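A.B. asks: Mapping to my numbering: the sequence shown position 293 is 293, numbers consecutive.
Hints are not guaranteed to be accurate.
As the list claims (entries may be wrong) - Now the in silico label distances, taken between C-beta atoms and shown as ranges:
(1) GLU304 / SER7: 20 to 30 Å
(2) HIS234 / ILE15: 45 to 55 Å
(3) ASP23 / VAL301: 38 to 48 Å
(4) THR255 / ASP23: 48 to 58 Å
(5) GLY152 / ALA229: 18 to 28 Å
(6) GLU101 / THR233: 20 to 30 Å
(7) GLY152 / GLN116: 29 to 39 Å
(8) TRP218 / GLU117: 51 to 61 Å
As the list claims (entries may be wrong) - Capping the alpha-carbon separation at 20 Å, the derived lysine to any residue pairs in SDA-like fashion look like this:
(9) LYS144 / LEU118
(10) LYS262 / VAL119
(11) LYS272 / THR123
(12) LYS107 / THR255
(13) LYS50 / VAL25
Please keep in mind that the hints were generated in silico from the structure rather than gathered at the bench.
All values derive from a computational prediction rather than experimental measurement.
Yeah, the Cβ is synthetic: ideal placement off N, Cα and C, and Gly gets one too.
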Amino acid sequence: NYTATTSLQKSDLLIAIGVRFDDRVTANPEYFAQNAKVIHADIDPAEIGKVREPEVPIVGDAKSVIVELTKELNGYKCEIEEWREEINSWQKKYPLSYVQEKKGPLKVPYVLEKIQELVDEDTIVVSGVGQHQMWISLYWKFTKPNTWLNSGGAGTMGYALPAALGAKMAFPEKLVLALDGDGCFQMTMQELITASTEDIPIKIVVFNNGNHGMVRQWQKLFYNNRFSATELTHDTPDYVKLAESMGAMAHRITTPDEIEEKFKDALNENSKPVLIEFVVDPEEMVFPMVPAGGNNDDVIVNQEEANSILNKDTAEEI
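Model the full structure from these sequences, guided by the hints.
C.D. replies: Written as structure tokens, this is what we have:
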């Protein structure tokens, strides 16, 4: 999210509670929020100053720290109207956007928005790792606590399905959606057997673009279309047949007008797990993004900026 990233980058104070300043947040740490003073609180003293030396280090439990900080700030008024206006200007200038053509291939943001229209806001959403993880964090409007499970910067491919099983066992009354990419799903797809055997009625969405999409995106943008070990189009499973062979119900969706009917069918099945495969655009890329080795001032905002990179590389090669 351009606004969130830039707000961090240009801030003058960061209150960092329980964070580790990993590279998914800071990009190149040398250039991260250079003008900001940092208050860093963590229960583990080894985390303090490991990446960014704070002006105010605090070792303590997050809840206790927040309570004490709130007491200290009681009665203090901060003049931030100019800052709010600047943030609002970024939101207007760089909104999230995508184009879903009526007859064109499915776009993941469109699918996510359609699914949200069909489920309650207390639905537990679990994701794997890759493009779909980024799209969910950008386009899914979370309003309730403890409804968004993912492995964050750990990059744990295969996380979604087993984590969704755990979430459903903990909260059997809630709808649990495992939203996964085809590459991630292949890492732990055998756990569908566990779901069927143990009668755990989760819903598994597989965004099938026939690729390890995030890696392919980097190869396209920065390695001149030299795709290596990212294409999953040869001799890959028929996910519908695979799910059915493991005791689950399954649907395949390829067009926008199929989404509502088939997804409602999936939601109405509560006796067994259901897999819904969405065949999505293999060329779709997720933005905003920060290139490897770059800093948070180098955000590639949209496809138009990405095209300028591609055109530049092509011209240099010629």
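A.B. asks: State for each hint whether it applies.
C.D. replies: Against the structure, the hints:
| no. | hint | verdict |
| --- | --- | --- |
| 1 | GLU304 / SER7: 20 to 30 Å | holds, 22 Å |
| 2 | HIS234 / ILE15: 45 to 55 Å | holds, 50 Å |
| 3 | ASP23 / VAL301: 38 to 48 Å | violated, 20 Å |
| 4 | THR255 / ASP23: 48 to 58 Å | violated, 38 Å |
| 5 | GLY152 / ALA229: 18 to 28 Å | holds, 24 Å |
| 6 | GLU101 / THR233: 20 to 30 Å | holds, 22 Å |
| 7 | GLY152 / GLN116: 29 to 39 Å | violated, 22 Å |
| 8 | TRP218 / GLU117: 51 to 61 Å | violated, 32 Å |
| 9 | LYS144 / LEU118 | holds, 16 Å |
| 10 | LYS262 / VAL119 | holds, 14 Å |
| 11 | LYS272 / THR123 | holds, 18 Å |
| 12 | LYS107 / THR255 | holds, 10 Å |
| 13 | LYS50 / VAL25 | holds, 15 Å |
Figure legend: structure checked against the earlier numbered hints; hints not met, in rising order: 3, 4, 7, 8.
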